[in-house]
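S.K.: Given next are the chains, with one letter for each unit.
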Amino acid sequence: MGGLAHYLEKAGIPTSQISLIRKHTEELRPPRALFVPFELGRPFGNPNDPDLQRAVLRSALELLTENNGPIIADFKYLDDCKIQDSSSMTGWACPVNLEKPTSVVKDLDKLASQLMQEIRLLEPWYHESMKNLKGRKLNGLTNYTNEELIIFLINFIKNPNLDSFIVNEPIERALKLACDDLKYFYFQAALARPDGASDLKINEWLYRRTHLGKAFLQIREICLNHTSKKLSISGRTNFVPNAML
Amino acid sequence: MVYLSDWSKQQQDVLLNQDLPKYNDTACVNGPPLSERRIAIITTSGLHQRTDRVFTPGVGEYRIIPDDTNMDDLIMSHVSTNFDRTGFYQDLNTVFPIDRLRELLVNKEIGGIASYHYSFMGATPPTAQEIVASDLADNLKGDSVNGAILAGV
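Protein sequence lines correspond, in order, to chains Z and R.
In terms of this note's numbering, the first sequence opens at residue 1 and continues consecutively.
In terms of this note's numbering, the second sequence opens at residue 1001 and continues consecutively.
Hints are computed from structural coordinates only; laboratory data are not their basis.
Backbone N, C-alpha and C define an ideal beta-carbon position, used for all residues, glycine too.
Hints are supplied without guarantee of correctness; some may be wrong.
Calculated Cβ distances over 10 Å to all of chain R for the following chain Z residues [what the hints assert, rightly or not]: (1) R54; (2) K158; (3) S164; (4) F165; (5) E169; (6) L224; (7) N238.
Chain R side only, calculated, beta carbon under 8 Å to chain Z, not exhaustive [said to hold, decoys possible]: (8) D1052; (9) G1111; (10) S1115.
Same shape as in the complex, but just chain Z:
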């Protein structure tokens, strides 16, 4: 982001950026940056907190009139505004009780049917969540159905030398998109009752309590040990967050 600010500014466009990683901003020295104390993924603060979001945006905009950069300003909290740390929200629970997965998955056909069952159980909550979000859908990175995506993933686990199943995308990207599309579906269903949802909680649920999470862990292992360098690299970070390892 800091590099982009330099290029745009040199071309005559004034920029002001939100900084979440101060060290990077200090090293890249963009013209104007507002450092915010939020967790990664939330540059404008809490969801559904317009006062805080507006304060962050206004502070970043006000920096545009400063012309002696590089400047890093600290975001000043509003007196009556609390920064929500998603980890402090502990009340969330998935609306569906799914069958707890076993740690080692050997029977892949059984895994496929367990995944199909999870999808069927989550579907009503996914639709409920869509209704709550006024029709907003988080999944849809691919044009495949959840069932088709599951078949692709199971086929890859059975045969890690499988060709890509998405046109114009290499296998490592196809795997990532398939996994993310399913993950978005699961998360949207799980967030039908979002009160108390946190990144940690929802990831713990996905990776420790669902068959899909177990499948992701298995795909990660296969990729890490794959002879393809691209798959091996993608295995490091693409399927399982650092906090879940």
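Start from chain Z and add chain R according to the hints.
M.R.: This is chain R only, laid out in the frame that chain Z set:
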């Protein structure tokens, strides 16, 4: 909870000790008062319209987000698993504060909103973005933009 302090030392080192390009000079251009500025949002969250092609890792490419598009139909194809998405799930403004920007326009705190906003995918080497930045700057100028808010995730 996606704070760096919650990662292992090794995981933090990988992110923090990246080999970043050096920029010895920092350009800093003038502009009119904020109330006369036309503002665009540039995000590196990997957001795009549902009909757009998903992002390709490592490539300095961007997607356009027309100001009159249905913002509820934006999706995210960022490659990273290591940032909070629960905020974005619940409220787009957590990463792309379009509703807040519109409120500031109603209050006349800013002069206008760009016809197009732009989205990159972070986790891309900054130098790869240089290739498209001059095109992007021309587009912004053509849209009379004189203030850009850049926000990563």
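S.K.: If a hint holds in the structure, say so; if it doesn't, say that too.
M.R.: Hint check results:
no., hint, verdict
1, R54, "5 Å, violated"
2, K158, "24 Å, holds"
3, S164, "13 Å, holds"
4, F165, "14 Å, holds"
5, E169, "8 Å, violated"
6, L224, "14 Å, holds"
7, N238, "6 Å, violated"
8, D1052, "10 Å, violated"
9, G1111, "11 Å, violated"
10, S1115, "15 Å, violated"
Of the numbered hints given earlier, the model fails hints 1, 5, 7, 8, 9, 10; all others are met.
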